[in-house]
Amino acid sequence: MTETWDDVNEQVRADWKDDTTPFERVYEVIEQTHDGQSAAEIADRALVSEPTARRHCKTLVNTGFAETEPDGQTTLYKRNSDRVVMSRIRELRDEADRTEIIEGIKEMKAEIRRYEDRYDAVSPEELAQQLDADETEGWDDLTAWRTTRQNLAVAQAALAYDEASHQLAV
Amino acid sequence: MSEDDRAGEFGPIYLPTLQRIRDLWLELEPLVETTAYDDVIHPTELQISLTDGLGEADAARLDIQWSELGMYSFHYVDTADINWRFDRHPNPHSPEIHFHPPPDAATTVAEPSCIDVAEVSLVTRAVHTMWRAAYENEDLNRLNSASNPP
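Residue numbers (my numbering), protein chains in the order written: chain E, 128 to 297; chain A, 67 to 216.
No lab work stands behind these hints, which were simulated from the structure alone. Hints should not be assumed to be uniformly reliable.
Now the in silico label distances, taken between C-beta atoms and shown as ranges [unchecked claim]:
{"#": "1", "chain 1": "E", "residue 1": "Glu243", "chain 2": "A", "residue 2": "Leu206", "range": "40 to 46 angstroms"}
{"#": "2", "chain 1": "E", "residue 1": "Arg210", "chain 2": "A", "residue 2": "Ala184", "range": "19 to 25 angstroms"}
{"#": "3", "chain 1": "E", "residue 1": "Pro178", "chain 2": "A", "residue 2": "Glu122", "range": "51 to 57 angstroms"}
{"#": "4", "chain 1": "A", "residue 1": "Asp124", "chain 2": "E", "residue 2": "Lys185", "range": "47 to 53 angstroms"}
{"#": "5", "chain 1": "E", "residue 1": "Ile229", "chain 2": "A", "residue 2": "Thr100", "range": "25 to 31 angstroms"}
{"#": "6", "chain 1": "A", "residue 1": "Val106", "chain 2": "E", "residue 2": "Glu243", "range": "23 to 29 angstroms"}
Fair warning: this is a prediction, and the values are worked out from it, not measured in the lab. Here a beta-carbon is modelled for each residue, glycine too, at the ideal position from N, C-alpha and C.
In isolation and in its complexed conformation, chain A is listed as follows:
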């Protein structure tokens, strides 16, 4: 809970969604090493660690939150200190659904997200699909790009 750009209701964290996101990443992504809540008794986010990262990085982690109101945050950070984040929450700087681009995912820098689906499986798949495109093409510009040309 350190994103610091939320203004308006995010809602309490909804654990059934975090389980669903975990199961989907395990199913879709061969690089997943471990998945866990940040705390077993007092969970506030899901953490997924990957055995590789974008470009130079050799490992990465996704910190994921999803609330009862359907607000979310998918925050990527890797060993090369590259950060990016797909968010949905009310805020003073940009549309509710937005993207904080790499390399810093700075709170003050946000662009509209190309994700316009809302269901948890669809959002999770969209984030995963774009991460995969960026990873395989070694191209950070693929991260918030609706299309993936040949």
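In isolation and in its complexed conformation, chain E is listed as follows:
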């Protein structure tokens, strides 16, 4: 049976701490950090002390998982986006073959053309400027367009990576 609890939010914080090490929590928080944050902010989110957060952030910078940006006297930490792209390319090459990727690229290009036509816009950024925050119209397509553009770029990079490794292997 599930245990009883007074506040599910408190309960899951306790569970997360019980099931993970401080390093694992800092790793996860960095993975989810797209704009640089201080060690104090990372510590707060990862439920660790600030010195612990700083120490693990430095380790993650050394391994290439995190990167830093300066902010006056403070160092800000965030995920290394190159690392995210490389992992995704590897995952894609494991799960799909060349023919499937080429077919996927064709479909994603067609999907993007449909957004361009529907909104008479050349990019999701241009669509965003047209949309009204009080209306639901178009916002799902904005997310879909941005996601498709990323997936297309990764699929194209995976093909190029394939070609490069093939050439080097000859």
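Assemble the complex: chain E is given as a structure, and chain A must be docked to it using the hints.
Frame of chain E; chain A shown alone:
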């Protein structure tokens, strides 16, 4: 992408988070049968199928999205056609973090969510914990309930 109540930036889907959510469900939930992206090459959501559902249902599925901006959607649907959804996104109807209750998870019906944590592991655990309480007690009222009395 058919929820139709989003107004404001949701952000692009962030796959490292979907992998993390998948791993956590596999670890926490014995009823998980399969997990997969909706499309291998062009993923837009994570789908987790369960070998049982709430009450009468004998199978269920969770469709999960998470964006670079920390916006999310955990949408449950089962073979008895029960739907509910924990969401975080800007919208014209309710707070950014909200819950679309069963049985329809209708877009126009939303209540404040009892989830106030934001990290992916915490949100995922909260959804899982409440799903478990509802499943084991056969009580849909446990789904968006902060407390779980004995």
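### Message
Let me make sure I understand: some of the numbered hints might not hold for this structure. Which ones are they, in numerical order?
### Response
No numbers; nothing is violated.
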